[in-house]
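I would like the entire structure built from these sequences, with the hints used as guidance.
In the order they appear, the protein sequences are chains A and B.
Position 216, counted from 1, in the first sequence is what the working numbering calls 216; the numbers after and before it change by one each time, with no gaps.
Position 286, counted from 1, in the second sequence is what the working numbering calls 286; the numbers after and before it change by one each time, with no gaps.
One thing to keep in mind: the hints can contain errors.
So the derived label-pair ranges between C-beta atoms look like this [unchecked claim]:
#: 1; chain 1: B; residue 1: 26; chain 2: A; residue 2: 314; range: 17 to 25 Å
#: 2; chain 1: B; residue 1: 130; chain 2: A; residue 2: 364; range: 57 to 65 Å
#: 3; chain 1: A; residue 1: 423; chain 2: B; residue 2: 19; range: 28 to 36 Å
#: 4; chain 1: A; residue 1: 30; chain 2: B; residue 2: 206; range: 33 to 41 Å
#: 5; chain 1: B; residue 1: 199; chain 2: A; residue 2: 55; range: 56 to 64 Å
#: 6; chain 1: B; residue 1: 260; chain 2: A; residue 2: 113; range: 50 to 58 Å
#: 7; chain 1: B; residue 1: 26; chain 2: A; residue 2: 30; range: 21 to 29 Å
#: 8; chain 1: B; residue 1: 130; chain 2: A; residue 2: 195; range: 41 to 49 Å
Keep in mind the hints are simulated off the structure, nothing from the lab.
For glycine and all other residues, C-beta sits at the position ideal for the given N, C-alpha and C.
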Amino acid sequence: MTIARAKDIISATGLLEVSGLTVQVATPTGARTVVDDLSFTLESGKTLCIAGESGSGKSMTALSLMQLLPKPMARVSAGTAILAGRDILALPEAEMRQVRGQRIGMIFQEPMTSLNPVLSIGKQLAGAISAHGGLSEKAIRARALELLDQVQIPEPARRLKQYPHELSGGMRQRVVIAMALAQNPQILIADEPTTALDVTVQAQILALIRKLQADLGISVIMITHDMGVVAEMADDVLVMQHGRMVEHSPASVIFSKPRHPYTRELLAAVPRLGEMTGTTEPKRVAARPGTGPDKPLVAEPLVSVKDLTVRFDIKGGILQRPVQRVHAVEGVSFDIMPGETLSLVGESGCGKSTTGKALLNLIPWQGDIRVGGRSTRGLAPRAMRPVLRDVQMIFQDPYASLDPRMRVGDLVAEPLQIHGLASGSALEDRVAYLFKRVGLSTDQMRRYPHEFSGGQRQRICIARALSLSPKLIVADESVAALDVSIQAQVLDLLQDIQNETGMSYLFISHDMAVVEQISHRVAVMYMGRFVEMGSRAQIFENPQHEYTKKLMAAVPVADPSRPRRAFMEKAEDLPSPVHGLTYTPPRQTAHDIGDGHLVWLGD
Amino acid sequence: MSQTVAETQSPVATPSVMMRLLRRPLALTGLIIIMVVVLAALFAPWLAPYDPYEQFFEGLTIEGAPLPPNAQFWFGTDLVGRDLFSRLIYGAQTSLIIGVVANGIAVVIGSAVGISAGYFRGWVDTVLMRFTDLMMAFPALLLAIVLAAIFSPSLWIVAMVIAMVNWVQIARVTYTETRSIAERDFVVAERAMGAGAGRILFRHILPHLLSTIIVWATLGIATTVLLEATLSFLGIGVQPPIPSWGNIIFENQTYFTSAPWLVFIPGVAILALALAFNLVGDALRDILDPTQQGRH
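Quick look at the structure:
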C-alpha cells in the first residue's frame, strides 16, 4: 500500500489516482465494509467503466469521490483520491464544493428525481452555471443555450421555460448531462445514466456521452450493471464484487479473455441477442408435443384477445371533464396457446403492461377477451374470480408487489384462502411445496419480504402466482429489476415450470435479448398497437417492420470489437400516446408474409 | 437472532404485543400514566380526600382568595373554596370519556370515511369527501353549539357532539394516504389474485395507515379535552358543578396571574394524558410494523 501510494505521488500519470479507497457503512451489528481497498487510475480523456451487480459497491465508490456519501451512516475509512495534486477525499466541504461541478460533474440514474420538479429548466441550468457566482444574466443565458444545444435538445430557447415534467425521460437525462457539464468539469461520473431509459433512447444518450467526451476531452467514470453498455462505452473496465475489485483490464481484454471466474460468470449470464438463431423452442423448454416447425397447432387457444382497446380519459378544467385521451392500447388481437410463451416487447408507454392488466380485468377495456372460451368482458370482481384461477400475474418490482407487513408464508397462502381452496394443514403443506418448488427453503416462510434479496422476492411472487395452479401467468417485466445472474436463474425457473406443468406465459418485456431466450412467439408493440408478430425465429431472424429493426439495433451488445454506433445528429423521442378527444387512430392492416408472420402497415 | 424462536413456534407464541410494550421504558411510562388516570376515574369516590362539590369555609383566605397548594388541600382550592385535588380526580372521569371515547369514535368514523372514499373512488369518493369538505368548512365550535343546543346537555351528548365534529381531519388524512397505498403494486397484486374489497381494506391497507391514525388519535386527545372545556365554558358542555379538566381551566383562566396553580395543574394533567397516549401509540406503531424490526 505505502509503496503504491509513493509511486502515485512520484508519477502522477493519470488524471485521477484512487488508491486504497475503503468505505464503511454503519449497521446495527457494527461497521460493514462496502468498498474494500479499491485502487484505480482514470486516464485523461478515457472512459472507465465500473461494472458489477447490485451491492457490489460501485455507486458507493462514485459517491465517495464526490464526498456525497450519506452521512453519518457511511464514511471513507481509508484511501486517497489524488486529483490535480490534492486528495479530494480529505478536502474540507468548502473546498470540495469547488471540486464538484468545476472538476467533477455527476449524472444520476433517475432523471426525474435528480431534477427539481418546481423549477424551470432554465432556472436549474442557471443554478448549475453560476454556482460559484460572477456571471451576468446574459452570459448565463447564453451558456445555458449553448449547453442545451450541446446535448442536442431541440428548440433550446423554449426549453428554458419548461418544467421537468413537460420533458420526456430522455430529454430530462440530457438536461441532467447539460447541468453536469455546466462548469466544464474534467471528469464526468455517470451512475447508471441510462438504466431508467428505453433502449432506443439509451443508445442515443450513450452516443451523446461519447461525442461530448471526444469534443470536450473529458474523462468519464461510468457505473453500470449492463455489460452491453460496458462494451459500448469503456476503454478500461473495473469489475467489482462485494466491494472488492476482481478484475481491472482494458475493455477488449475483459470481453475476450476474462481472467477472474466472476467476470466470466457475469459475461455468461448476459443474454446475447442472436444466440438463439436457428432454434424454435425457448432455451430450456422441451419441444411441445404436437407442435414443431412442420406440425401445425391443433389445440384450442387458452386465451383469445380480439380488438383489445384501452383508452384513459385525462380530466381537466373546473368541471373535471375529459379533455384529452391516452390511447394506451388500440385494437390488439392475439391468441395464446396452452404451453406457449408469447412475448410482448416494446418501449415504455407502448401499452404492453396495459394489455397484460386487461387480461386480469385490472383496468377497464373494450373489445373481447376469452379465457378458456369464456368471455371476461364486464365481469364483476366476484365473477372474475374463477377466471383468475387460470390467469395470474407477476409484477416488475417484487418488493413493491409484496405487502411489507405480512409474512411471506401468509402472502403465498393468500390466493388459496381467497379462493377457498385449502385450509389448515393442507394449506401449510401446499405453501411449503410451493416454497420448495421455487427454490426457497420452508423455514423462510415466517420471514418478512424485506429480509429477502431481490431474486428471492421474485421467487416468492412466482410461488404466489403458482399457488392457484393457473394455466397462464402474465409476467410483467418480471426480471427487469434483477441483476443479470439472478435474472438468468429466474428465467430458468420460469421455463422449468413450463416444462413441468405446460404453463403458458404472456411475457412482457422491453429487453429483446431476454425475450429471445424465453419466447415461442413474439409480438412487437409500438404506440398501443402491434407492428409485427410471429414466431421467435421470424421476428429475430427476419424482422420486417422498421420499428422492430430499430429496437434490435439499439440493444447494447456485449462485444467491444463491434463498431460503436454512430452519433445521431438529431435527438429522437418516442411520440406521445395522448391525443385530443376527436382523434381517431389511423387504420392499419396486418399483412401475412408467410407462416403466420404478421406485419402491420398503415393504409 | 429470534429466528429460531420464530421457526419453532406459532406467531401467537412470539412475545406478545403487551410484553414488548412493557420492555420499552417510554411506553411503560405512558402506560403507567394512563393506568393512574383510569384508576383515578374509576375509584374517584374512594380516592378523593374531599367531596368535589363542597365549598370549604377554610378553603378561602379572609379576603376570599383561593388557597395555593398546602398540607390540607394538596393542589390548593379554587375560587369558591373547593378542593382542586378532589375535583381533578372526579374530573378524570369526564376527561377520559371525552378524550378516549369521543375521540375514539371520531377516529373510527374518520378512518372509515377516509378509507372507503380513498379505496372505492368514484361516486363514493365524491359523496363522502364533499360531505367532509362541508363539515370542514363549517366552524366546528358553531356546529357543536348547535348540536349541543338541540340535545339537552349531558356528558354523553357532549361526547357524541365532539365525535361528530372531530372526525373530519382524520378522514382527510386517511383518504389521501389510502389513495396512494391503493395504487401501490401489492394492492394491485391482491386484486389480481381475486381478493375482495374487505380483505384488501382490512388486511392490507389498514395496517399501513396505523401509524398515521395513531398520531392523529393521540393529538386528538388534547384537542377534544379542550373542546369539551370550551363547550362547558359556553354553558352547553358538561354542566357545572360537575368537574372536568377542561372546565377547571376555563373557570379559572382569568385568575391565572394571581392563582396560577388552578390553570397549571389541570393543564399538566391534560398534557400528561395526551403524552402518555402518544408514547404508547408510538411504541405500538413500531411494534406492529415488522419492517421496523432489525433485519435478520
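Here's how the hints hold up against the structure:
At roughly 49 Å, the beta-carbon separation of residue 26 of chain B and residue 314 of chain A lies outside the given 17 to 25 Å, and the hint is violated. For the pair residue 130 of chain B and residue 364 of chain A, the supplied restraint of 57 to 65 Å is violated, since their beta-carbon distance comes to about 24 Å. For residue 423 of chain A paired with residue 19 of chain B, a C-beta distance near 29 Å keeps the hint of 28 to 36 Å intact. The hint said 33 to 41 Å for the Cβ distance between residue 30 of chain A and residue 206 of chain B, and at roughly 37 Å that hint holds.
Taken as a hint, the range 56 to 64 Å is violated for the pair residue 199 of chain B and residue 55 of chain A, whose Cβ atoms sit roughly 35 Å apart. Distance hint check for residue 260 of chain B and residue 113 of chain A: the Cβ-Cβ separation is about 52 Å, which falls inside the suggested range of 50 to 58 Å. In this structure the hint that residue 26 of chain B and residue 30 of chain A lie 21 to 29 Å apart at CB holds, the actual value being about 26 Å. Between residue 130 of chain B and residue 195 of chain A the beta carbon distance is about 43 Å. The supplied range of 41 to 49 Å therefore holds.
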